[in-house]
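Protein chains in written order, with this note's numbering: chain A, 1 to 111; chain B, 1001 to 1114.
Simulated from the structure, these hints should not be mistaken for lab results.
One should not assume that every hint holds.
Stated by the list, open to error - Each computed DSSO-like pair below joins lysine-lysine, with the alpha-carbon atoms no more than 30 Å apart:
(1) B:1007 <-> B:1102
(2) A:98 <-> A:60
(3) A:110 <-> A:56
(4) A:68 <-> A:98
(5) A:52 <-> A:68
(6) A:60 <-> B:1065
(7) B:1065 <-> A:68
(8) B:1065 <-> A:98
(9) A:68 <-> A:56
(10) A:68 <-> B:1007
(11) B:1065 <-> A:52
(12) A:98 <-> B:1007
(13) A:52 <-> A:110
(14) A:98 <-> A:56
(15) A:56 <-> B:1065
(16) A:110 <-> A:68
(17) B:1065 <-> B:1007
(18) B:1065 <-> B:1102
Unchecked claim - One side of the interface only, derived from the structure: several residues of chain A facing chain B at Cβ under 8 Å:
(19) 40
(20) 44
(21) 48
(22) 53
(23) 95
(24) 97
Quick caveat: nothing in here was measured; it's all calculated off a predicted structure.
The beta carbon of each residue, even a glycine, is placed where N, CA and C say it ideally should be.
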Amino acid sequence: GDSVTQMEGPVTLSEEAFLTINCTYTATGYPSLFWYVQYPGEGLQLLLKATKADDKGSNKGFEATYRKETTSFHLEKGSVQVSDSAVYFCARAAAGNKLTFGGGTRVLVKP
Amino acid sequence: SAVISQKPSRDICQRGTSLTIQCQVDSQVTMMFWYRQQPGQSLTLIATANQGSEATYESGFVIDKFPISRPNLTFSTLTVSNMSPEDSSIYLCSVEDDRVTKQYFGPGTRLTVT
């Protein structure tokens, strides 16, 4: 079945460090891919998305490129801030627009 | 974007009882979904609720335990029946915006079963 695998956390970084969170998905068709973020005490928010191969989603300094050849959608940010501390979820769309989520990666950015 | 509200925001319930969670959207949407997020875990889809048809449940979830209503295009309810401590989770509804292939999530209902 459809699945999404992302690196386990927690990931602890210093401010201005480079962040990468790996995400791979099962290749059934060409699903849309998403990154969602859950800030402490808040609901789930869409961070970025890509709908086809080689698309790059970007938002708030975060980027992820849809790599069909490696079935990956890694999230990157060049210089993180304390306010980026959150749990990040990679997700893929399945049939019927259902989302399958990865396990989530907790990121903690220290000043 | 769609604005989604859920009631209650949190509740503490005794085992064996039932709780109905409401989800209200500020616009008409075709597809609504209910997810569960167990403590420290990722989100798992419970069911898809489309107006005018029976909800479609994912493997491991059954209608008797999680009955869902979808009376119109802006509202849905999820009931957690005969609760046990294992049902302690955050329950979230989401809606699909067909125009832009996005899902928006409600703030969640934090349920604790004692």
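Going through the hints against the structure:
1. B:1007 <-> B:1102: Judged against 30 Å, a Cα distance of about 23 Å means the pair holds.
2. A:98 <-> A:60: 25 Å, holds
3. A:110 <-> A:56: 28 Å, holds
4. A:68 <-> A:98: 20 Å, holds
5. A:52 <-> A:68: Holds: residue 52 of chain A and residue 68 of chain A sit about 8 Å apart, inside 30 Å.
6. A:60 <-> B:1065: 40 Å, violated
7. B:1065 <-> A:68: 39 Å, violated
8. B:1065 <-> A:98: Between residue 1065 of chain B and residue 98 of chain A the Cα gap is close to 21 Å, so the pair holds against 30 Å.
9. A:68 <-> A:56: 12 Å, holds
10. A:68 <-> B:1007: 40 Å, violated
11. B:1065 <-> A:52: Between residue 1065 of chain B and residue 52 of chain A the Cα gap is close to 37 Å, so the pair fails against 30 Å, i.e. violated.
12. A:98 <-> B:1007: Measuring from Cα to Cα gives roughly 23 Å; hence the hint holds.
13. A:52 <-> A:110: The given pair, whose Cα atoms are some 35 Å apart, is violated under the 30 Å limit.
14. A:98 <-> A:56: 22 Å, holds
15. A:56 <-> B:1065: Given pair residue 56 of chain A, residue 1065 of chain B is violated - Cα atoms ~41 Å apart, limit 30 Å.
16. A:110 <-> A:68: 34 Å, violated
17. B:1065 <-> B:1007: 19 Å, holds
18. B:1065 <-> B:1102: 28 Å, holds
19. 40: For residue 40 of chain A, the interface hint is violated, since the closest Cβ of chain B sits about 13 Å away, which is over 8 Å.
20. 44: Holds. Min distance 4 Å.
21. 48: Cβ of residue 48 of chain A sits 11 Å from chain B, so the hint is violated.
22. 53: 15 Å, violated
23. 95: 10 Å, violated
24. 97: Since the shortest Cβ distance to chain B is 5 Å, the answer is holds.
Consistency with the previously given hints fails for numbers 6, 7, 10, 11, 13, 15, 16, 19, 21, 22 and 23, ordered from lowest to highest.
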